[in-house]
Amino acid sequence: MILKIAFRNIFRQKRRTILTALAMIVGFMLLSVTIGLSDGAYGNIIAMFTRNRIGHIQVHREGYLDKPSLYKTINNASTVGETILSVAGVEAWTPRVYGAGLGSVGEKSTAVQIIGIDVARETEATRFDKKVVEGSTLGEIPAHEAVIGKDLAKILSARISSEIVIVSQGADGSIANDLYKIVGIAESGDDLTDRVACYLHIEDAQELLVLEGRVHEIVVIVSNINRVDKITNVIETQLNDSTLDVAPWQVVAKSFYRAMRTDQQGDAIARWVIMLIVAIGVLNTVLMSVLERTREYGVLKAVGTKPVQIFWLVICEVVIIALGSICVGALLGALGNYLLSIYGITYPEEISFGGMKLKTLYAEVNVRCLVIPAMTVMLSAAVVSLFPAIKAARIMPAKAMRTH
Amino acid sequence: MEQTQKTDVIVTEGVTKVYAADGIPVNALNGIDLTIQSGEFTALVGPSGSGKTTFLNIISGLDSPTDGKVWLAGKVLSEMSGNELSDFRRDNIGFIFQAYNLIPVLTVEENVEYIMLLAGVPKAERHERVITMLESVGLTGVADRVPTQLSGGQQQRVAIARAMVSEPQIILADEPTANLDSKTGADLLEMMRHLNAETGMTFIFSTHDPMVMESARRLITLRDGHIDTDEAR
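From first to last, the protein sequence lines are chains A and B.
Here numbering that gives the first Met the number 0 is used: position 188 in the first sequence is 187, and no number is missing along the way.
Here numbering that gives the first Met the number 0 is used: position 66 in the second sequence is 65, and no number is missing along the way.
In short, the hints are calculated from the structure, not lab data.
Given the structure is predicted, the values throughout are model-derived calculations rather than measurements.
Treat each hint with caution, since some may be false.
Straight-line alpha carbon distances no greater than 20 Å define the calculated EDC-like cross-link-like pairs of lysine to aspartate or glutamate that follow [to be verified]:
#1 180(A) - 128(A)
#2 398(A) - 21(B)
#3 390(A) - 83(B)
#4 398(A) - 291(A)
#5 253(A) - 228(A)
#6 3(A) - 109(B)
#7 398(A) - 174(B)
#8 398(A) - 66(B)
#9 253(A) - 190(A)
#10 74(B) - 7(B)
#11 305(A) - 90(B)
Just need the whole structure built from these sequences, with the hints factored in.
And the structure:
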């Protein structure tokens, strides 16, 4: 009967029910879209950062990540790469060679980072060809060609077909220098990389740096980024080489990861604020409802309804409205996130996060953006209705029935 | 009517009630000592503000006295917890209010059934007793209506049916005819007298209505929060 009265009260006071439900639905949607956009933004940033640049997992000679050195190399890159590729969940791998040098075009010179890449593998793993915004990508066979970063091209006033002289130090201690024809200009989405990157065919880079087939880094791409930690462990076990470090992207890009986590904590504070607004909205409408019906509670109590039953009557009403609001909010929240995942929100100007440039913010439709708001609405509704429920349960019938 | 032995169903001793009106204490009841026996048909009369409703509220546990004690069916009300008091009211007291005070979201049948439901009476028995009670108060064919679809007289009949359906020892009626026309009021009063005679239930009214006063077999006049006269008829 208490449930029946609760149900009927909900439909009797339509205006109040709609107000309460609206507070919950709007709160749900706000929270859902905030989470969707936040997850979408971080998802995009991580995807861009990993998929386009550092990969999901990296393998180096022991200690390379902490202190990179020309001499800390992986000798048998092909064997290591093939072993990695045999691990379930690994999609692609690509070797890289790094070196520091001085790049000169005509009379202009600047510091450059030599990045030797296996063009075919790099294209498969990190879509290198898509980064080339002018000219063409590197050929699959070494031909003393170079693709340089967009900002580096500006610094050196270089154009397609310009020649760049790179001076560096070889692994044998010799002075390394060679001439390369610029065939393309690349934009990675990372300011620093675009200011210094000079991509060479991996064999050209190995020849310049006298590395004789050795590489500094193997980048691994996995099919599901959420399984990175597990796959890292499996690769480590499969390689069974204590001289190699296998690290997931969170370790490779520690400072980026830390900055992202800090930013996410800021988002969590915003979520708490929204949760608080939802809770206050619900409290307000529930309190109004209890005050409006003080007389009715007095009558119920007078005819023998126990205080605990009146307590549950108030809680039931709020929980029923909350359940309905969660259903509607989930539909609208999912729809909002879905639309934002397609059309996104475009910033008037590009924003930069950890060196990554973002122009449009896309949302993500996931379980979190439905479960967290649902729990928030239900919990805040239950918690804030406790006070009015206790108030209703403790009402003195004679006094309550004097109210109009 | 079956002859039963009279017992003291309500005993009050020095019942006092002080309200604070705008911070100023107002004595609504000044040490009322009263005994009401089972089967009485008693009217509390007196001018507005004399303390009739306050007294009814206190002897039913709807309000608590500032001082003094109330025994109801042998139990001291002030010694009961909230839940015990609710159960006690449910099982022993039926209320009839001036403003009917039906539960607006429940139908006539559900309103009458509600107290039995709280008491855990089986569904079939509940239904049978509701139908019988509605017939006895002259309300047939309206069981599925909600209170707003009834006239004032019909609503008060539902309230009477609700008060009596669980066969309580005591019926407390606060100005039960005040909102009714004289014919409806007379009909309902006649019905309550009949039920009193038939079942031996104790009826206590607070009233201004001369018709109710005439029907009462005991007339207690309150004035300024104390008993002015107590006249048996």
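Margin query: For a quick check of understanding: which of the numbered hints are violated here, in increasing order?
Written below: Hints that this structure does not satisfy do not exist here, as all of them hold.
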